[in-house]
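*Asks:* If you want the building blocks of each chain, they are given just below.
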Amino acid sequence: MKHLSEYRNSDHARTLSIEIARVRIDRPIQIMEVCGTHTMSIARFGLKQLLPKNIRLISGPGCPVCVTPNNFLDRAIAISKIADTTICTFGDMMRVPGSSSSLEVEHARGSDIRVVYSTLDALMIARAHPDRNVVFLGVGFETTAPTIASSIEIAHSEGLKNYSVLCAHKVVPPAIEALLSGEVKIDGFLLPGHVSSIIGAKSYRGIAERHAIACSIAGFEPSDILGALLEITTQISNSKPAIHTAYARAVTEIGNSKALAVLDRVFESCDANWRGIGNIPGSGLAIRDKFSQHDAAKRFPVSIDESVDNPACRCGDILTGKISPDECPLFRNGCTPDHPIGACMVSNEGSCAAHFNYGATNI
Amino acid sequence: MEDSIIQLAHGGGGTRMNELIREIFANRFSNEHIDGMSDAANIDLTSSRIAFTTDGFVVKPHFFPGGDIGKLSICGTVNDLASAASRPLYISASFILEEGFAITDLERIATSMAETAKTAGVKIVAGDTKVVERGSCDGIFISTSGIGIRLTKEIMAPTRIRPGDAILVNGAVGDHGMAIMATREGLSLESTIKSDCAPLGGLMEAILTAAPDVRFMRDATRGGLATVLCESCDGMEFGIECEEATIPLNSSTTAACELLGLDPLYSANEGKIVAVVPADEAEAALVAMRGHELGRDAAIIGHATGGRAGHVSLITTLGSRRMLVRKSGEQMPRIC
Chain A
0 MKHLSEYRNS
10 DHARTLSIEI
20 ARVRIDRPIQ
30 IMEVCGTHTM
40 SIARFGLKQL
50 LPKNIRLISG
60 PGCPVCVTPN
70 NFLDRAIAIS
80 KIADTTICTF
90 GDMMRVPGSS
100 SSLEVEHARG
110 SDIRVVYSTL
120 DALMIARAHP
130 DRNVVFLGVG
140 FETTAPTIAS
150 SIEIAHSEGL
160 KNYSVLCAHK
170 VVPPAIEALL
180 SGEVKIDGFL
190 LPGHVSSIIG
200 AKSYRGIAER
210 HAIACSIAGF
220 EPSDILGALL
230 EITTQISNSK
240 PAIHTAYARA
250 VTEIGNSKAL
260 AVLDRVFESC
270 DANWRGIGNI
280 PGSGLAIRDK
290 FSQHDAAKRF
300 PVSIDESVDN
310 PACRCGDILT
320 GKISPDECPL
330 FRNGCTPDHP
340 IGACMVSNEG
350 SCAAHFNYGA
360 TNI
Chain B
0 MEDSIIQLAH
10 GGGGTRMNEL
20 IREIFANRFS
30 NEHIDGMSDA
40 ANIDLTSSRI
50 AFTTDGFVVK
60 PHFFPGGDIG
70 KLSICGTVND
80 LASAASRPLY
90 ISASFILEEG
100 FAITDLERIA
110 TSMAETAKTA
120 GVKIVAGDTK
130 VVERGSCDGI
140 FISTSGIGIR
150 LTKEIMAPTR
160 IRPGDAILVN
170 GAVGDHGMAI
180 MATREGLSLE
190 STIKSDCAPL
200 GGLMEAILTA
210 APDVRFMRDA
220 TRGGLATVLC
230 ESCDGMEFGI
240 ECEEATIPLN
250 SSTTAACELL
260 GLDPLYSANE
270 GKIVAVVPAD
280 EAEAALVAMR
290 GHELGRDAAI
300 IGHATGGRAG
310 HVSLITTLGS
320 RRMLVRKSGE
330 QMPRIC
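Note that the protein sequences, when read in sequence, are chains A and B.
Everything in the first sequence is counted per numbering that gives the first Met the number 0, starting at 0 for the first residue and increasing by one.
Everything in the second sequence is counted per numbering that gives the first Met the number 0, starting at 0 for the first residue and increasing by one.
Don't take each hint at face value.
[Claimed, not checked] Here's a subset of chain A near chain B, in silico, CB distances under 10 Å, partners left out:
no., residue
1, Arg23
2, Phe44
3, Ser98
4, Asn347
These aren't lab readings, by the way, just hints derived from the structure by calculation.
Being a predicted model, the structure only gives us computed values, none of them experimental.
In this text, a Cβ means the ideal position worked out from N, Cα and C, and glycines have one as well.
Make the full structure from the sequences, and use the hints.
*Replies:* Right, here's the structure in full:
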């Protein structure tokens, strides 16, 4: 079986689209996705065009780079200016604007900032350069956090004292709860496929008990997403909300126990600030005291000016589904991928980037 | 040459430099213009319709499946001339070499340039060599300039494109960019991705013969097919609509792109030409391309449209429409 040809099969997608249109729902509904890769897939394959007009797909805070407040980037930039420091980061973070600069600009000014594909690369750099402090920028949800946790354990066991992580990892379920208590009407959730492969379907059961909300965990190909939407709309139509797994090839009830174990060994729960939402209790991950020598925030307690957001930037409203990208006055009008004002336009998983690069409803 | 590595003296203008030029370059590039080792090549051109271009080459790694920096330096300039509907004739090559660069590598590169020039039907008639200190350049940088004679009365330009014109490409796109990425990142895939690096002069002339009213051509290098399409209609009174299902792609390139979170439509090519021809010449152009060894997988991938002026739409395999826009720079990896 070839993954791409099976799950991107156009006949299958058309069949699912027809079945979704047949589900009896007599009112407009809004289904939110909370995963940047879903944002991109939906845009890339034009899936909204295959849905009936009464179903509105909205994007939530599913882009981990986008929901990271300016404060984190300002801190990373300040650390990059410390002598003999190497910052290692995933590519997305390079062009995100902080309060007054970006990693890309600081790199051009001479700071040692390197794009890596994984923490394995960052560990290699740390081993090769014992004279330099290597700081990895830990941004991401539960899909990514286990690999960062693992890198901290490896560094600890090797005595790699010059490796540390500036941690801004977040977890998704508390954000979903916060959204359900927010202003935006949400009739169903398209739940994140790879986060769920780590945390398991069980992690949403509490949400289901407290809020009767239609949910389906989805993969990322057209058939995956349309199949999950069919499930969600059917749940809504039958008034039988449930946590359904439409991505059984990757997601189980209990999740990935090894990944969860390493997360638990290295991180502990903390409160975290989400752009657009504010503080969400228990939604962040902090490095445990045992590994504090690999905690860059403790190793490099830099003082930074108070972080500022561009007052015209509406990323916060976009991340909570209050407005869509083309409703932001700066969209294409001062804020473009070439000259991003907010993170949503520059991240590979940002709603504005997806809309700019793939969608053009007004053309 | 006795030396095994490039030294500063090889760029000093003295006997060591002369030895380098004679033994590495001149004997490989030999022709009536370069053999005299004069300061300039004196050329008589048979037409005043001259196309002239220049390009710089800094690819890393220097050697990759399907090519090397030398082959690339000839093909890149030849293909710019071919896209301008001109027959490439003469090339100059300027080398900046890093102290410590292996002479055996330089020999390989020069041999590759000579072979590619012969295949392309061009002569390397002028050159220059400089050597910089270790660390001041990445092994070798090459700049080539090229002269060709335009074969068409009119100059190729996007302003000549009309709604209804057909858009063709000569084969699978994105291979070169992914060959480089896969080599750089040490990706081992089931089948090695090979760069499509090739000189397109002959293919271009086949297109011209079959479709004499060709409107516009461009080789799809950095930025890929999508960027060429966007550049073609930017600010124009026509749009472009392509069918995703018709765009030729190699499965290994697609797989590598999926792994790295990249889009093959934006991945570089070094042997692909996009040709826009009147609708009534499209079939003939397609047959001519497929009859050439560099166009066996040629396809008609779309048309110029009257609506959505200035924009490129892609009709996906699912029947939905998405836009193709110009990206701001190098594609970057995903975060999760």
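*Asks:* For every hint, state whether the structure bears it out.
*Replies:* Cross-check of the supplied hints:
Proximity of Arg23/A to chain B is violated relative to the hint, the smallest CB-CB distance being about 24 Å (cut-off 10 Å). Nearest Cβ of chain B to the Cβ of Phe44/A: about 6 Å, under the 10 Å cut. The hint holds. A least Cβ separation of about 21 Å between Ser98/A and chain B goes past the 10 Å threshold, and the interface hint is therefore violated. Contact between Asn347/A and chain B, as hinted, is supported at the beta carbon level, the nearest pair being about 6 Å apart and thus within 10 Å.
The structure fails hints 1, 3 (numbered hints given earlier, in ascending order).
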